[in-house]
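Asker: Listed in order, the protein sequences are those of chains A and B. Counting along the first sequence from 1, when you hit position 39 you're at 39 in the numbering used here, and nothing is skipped either side. Positions in the second sequence are counted from 1; adding 1000 to them yields the numbering used here.
To be clear, the hints were calculated from the coordinates, so they are not data collected in a lab. We treat Cβ as the ideally placed atom computed from N, Cα and C, and that holds for glycine. Please note: incorrect hints may appear among the correct ones.
[What the hints assert, rightly or not] On the chain A side, residues computed to face chain B include the following (Cβ under 8 Å):
id	residue
1	Leu20
2	Arg24
3	Leu27
4	Arg81
5	Arg82
6	Asp201
7	Glu210
8	Leu248
9	Phe251
10	Phe274
11	Ala287
12	Thr291
13	Asp295
Number of protein chains: 2
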Amino acid sequence: MIYRRVALIGLGLIAGSMGLRMRRDDLAQEIVGTARSAETRSVAVELGLCDRVVDTPEAAVADADLVVLCVPVGAMADVARRIGPHLAPGATVTDVGSVKREVVAAVAPHLPDGVDFVPAHPVAGTEHSGPRSGFAELFENRWCLLTPERPADPAVARLTRLWRALGSNVEVMDADHHDLVLAVTSHAPHLIAYTMVGVADDLRRVTDSEVIKYSAAGFRDFTRIAASDPVMWRDVFLNNRDATLEILGRFTEELFALQRAIRTGDGEMLHDYFTRTRAIRRGIIEAGQDTDAPDFGRSKSDREGVA
Amino acid sequence: MIYRRVALIGLGLIAGSMGLRMRRDDLAQEIVGTARSAETRSVAVELGLCDRVVDTPEAAVADADLVVLCVPVGAMADVARRIGPHLAPGATVTDVGSVKREVVAAVAPHLPDGVDFVPAHPVAGTEHSGPRSGFAELFENRWCLLTPERPADPAVARLTRLWRALGSNVEVMDADHHDLVLAVTSHAPHLIAYTMVGVADDLRRVTDSEVIKYSAAGFRDFTRIAASDPVMWRDVFLNNRDATLEILGRFTEELFALQRAIRTGDGEMLHDYFTRTRAIRRGIIEAGQDTDAPDFGRSKSDREGVA
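Start from the sequences, fold in the hints, and give me the full structure.
Answerer: Pasting the structure below:
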């Protein structure tokens, strides 16, 4: 039992997974959840994501010692403004947003004295979204990044305990550094995947379903992350603009260099580049952040799905 | 039994998978294999990829009624020149290259009259390469594209039977059309993945292992295809230059439009774009070309790999 009463504001993939895990492992005495849509609230009751579902954020935070903001980044300011006056003294407020600097700027001004704000980002997720997509093991062996202003606060240590109990490794870092690193490992890759899928979608109209039929040649890998929640990702890009544009600038520069090598027939440059990029996957597999099974191990499930 | 004697020239992922499947299902009376490297030849013997392994392409094709060129695209011309004089009358020559127009140009001139050339491309593979990476089910429910000059030839029908027996669906198309479609579904995505991984690799030196630790946020998906065989991919880009550059041009155009939307804060444009790209993944899953399991189903194998 790490917290007495946890309030989950927003009940999508992340909050649902937190709720299921906290209930399974008795990490809080009571979990109260709320979501803007009545349908989401009713799914949350049906699936038992929380102990209790209420209609408003104001009601959810009453007497909570931990409040977790699980709404899209663009909705954080509004939620913080609404709950501010209703927070219990000594409560900790945290979030699960994929960008941190803008979330701090949006949330912190609305919190009263005596409430600790510990921004957090669980680096975990799938391409599915909504209250039905959560599962208790989502955070297992993933990282959760905390970007508190005062890392030595007891509130940080307590939230760290919760994330470890949820299965994560925890690291504390500066919000700006977080936003740059995630621009590389998440935001730029997502935008690139969305772009490639958009290009293919245009061409699909020309070539009928060929883009879909022959997608196993590489393209389908991009479609997974390009199937992620559009509202969440719109907000990520609008709120991590500088770092994302910086990484995309570097990306374009490199892409042009490779295009030039193709145009001029510089096979040596291409070969060296493609050799260098192999090592990084080995590092990811050794760090336990991906499976070594060919094709992410999906070939087997593909086959099982076939009559 | 579809062929009497099949010669596999080159013994990597594709040839190894063909050999294992043909032996398992008795699709040929005898399978003879060869590879340039003595080590690969000895692994092929050890794993039983063929019935018999010989030292040279010339020896492998003797008396074969099907010859399959399974070498990188850049090596096709040299192999064709060497085997040309040794091909049996009435034999069919085919290949498994990822580009078709340049392969036709490289191979056809070296083949004697009375030998049929039926270019082929099995749209299947994994990020692993080499003789140890093959498995008999690789082609199951994947597509094999044939680009023969004379689609009505009996040699085309016979090779179609083989590919169906290997588990594939078969489609006949024009070589140029093939190269454009594959530039979208395979070649451009691979170059983009290589580029993104290259950018991250540069940044890795700055941020130590953070790029690896937080790769589960999206980046790791790119590293899989960027771990593919460098020689194979160098040759693909050098030999499908025009189509790849055309698709990359469209890609850059779209990417710039999205970057501009981020810079100007055009959330509506981003949201609409990200919504549109969701549908294409649904199509791929419905076509049986990818799994619907979250994260390609790998979350489970991740967890299994963790103590």
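Asker: Compare the structure with each hint and give your call.
Answerer: Here's how the hints hold up against the structure:
1. Leu20: violated (14 Å)
2. Arg24: With a closest approach of 15 Å, the Arg24/A hint is violated.
3. Leu27: Not OK, violated: Leu27/A not within 8 Å of chain B, min 19 Å.
4. Arg81: violated (20 Å)
5. Arg82: violated (21 Å)
6. Asp201: With a minimum Cβ separation of about 5 Å from chain B (threshold 8 Å), the hint on Asp201/A holds.
7. Glu210: Constraint on Glu210/A satisfied, holds at 5 Å.
8. Leu248: Hint on Leu248/A: holds, closest Cβ of chain B at ~6 Å, below 8 Å.
9. Phe251: holds (5 Å)
10. Phe274: Holds: closest Cβ of chain B sits about 4 Å from Phe274/A, inside 8 Å.
11. Ala287: holds (5 Å)
12. Thr291: With a closest approach of 4 Å, the Thr291/A hint holds.
13. Asp295: holds (5 Å)
In this structure, the hints that do not hold are numbers 1, 2, 3, 4, 5, in rising order.
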